[in-house]
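K.L.:
Sequence:
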Amino acid sequence: MPSRISAEIAQLARLARDGGLDLTQVSLRVKADLLMSTPQPAPDDLAAFGEMAATLMPGVDEATAVILARKIAAWPHAPAPALAALRERGGAVLAALIRHGLQLGPAEMEDVAAQPDGRLAS
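So in my numbering the end of the sequence shown lands on 123, straight run, no missing numbers.
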């Protein structure tokens, strides 16, 4: 049985599909806010958000991606696929992740440092 949050997201997805609305920009932010308001989000909800972020991130505008990066950078429950999708954006999105607490290991720091200058431009 899906959790309450999953049911709400499914209803939002139906509205977008049936109503012809493009809620891509909003849906990721709403889902992030819902999950972050829960002290212990359900693993299924986190997995769904990670998959959703990985799928939708390439089509999300930069402003929305930066907002998401700021929200989930230091969140202890942030799904790895969501963080990876944000990191892939580079530029201002990657800079926002780092500025807002994304923990990088030594190898990851080296990888970021080796990127072209524009990769961290903000």
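Hints listed in this document are in silico derivations from the structure and should not be mistaken for laboratory results. Check the hints yourself; a few may be wrong.
[Stated by the list, open to error] List time: in silico DMTMM-like cross-link candidates among lysine to aspartate or glutamate, alpha-carbon distance up to 25 angstroms: (1) K72 with E109; (2) K72 with D19; (3) K72 with D45; (4) K72 with D34; (5) K72 with E9; (6) K72 with D112; (7) K72 with E52; (8) K72 with E89; (9) K72 with D62.
K.L.:
Compare the structure with each hint and give your call.
P.N.:
These are the hints, each one checked on the structure:
1. A hinted pair counts as satisfied when its Cα atoms are at most 25 angstroms apart, and K72 with E109 qualifies at roughly 21 angstroms.
2. Note on K72 and D19: the hinted pairing is violated, with a Cα-Cα distance of about 29 angstroms set against a maximum of 25 angstroms.
3. A threshold of 25 angstroms between alpha carbons decides the hint, and for K72 with D45 the separation of about 20 angstroms falls inside it, so the pair holds.
4. About 8 angstroms separates the Cα atoms of K72 and D34, which keeps this hinted pair within 25 angstroms; it holds.
5. Only pairs whose Cα atoms come within 25 angstroms are accepted, and K72 paired with E9 is accepted, the gap being roughly 20 angstroms.
6. Our distance criterion of 25 angstroms between C-alpha atoms is met by K72 and D112, whose separation comes to about 23 angstroms.
7. Between the alpha carbons of K72 and E52 the distance comes to roughly 17 angstroms, so the proposed pair stays at or under 25 angstroms and holds.
8. Between K72 and E89 the alpha-carbon distance is near 17 angstroms, which keeps this suggested pair within the 25 angstroms criterion.
9. For the hint pairing K72 with D62, the CA-to-CA distance comes to about 16 angstroms; that is within 25 angstroms, so the pair holds.
Hint compliance for this structure: hint 2 alone is broken.
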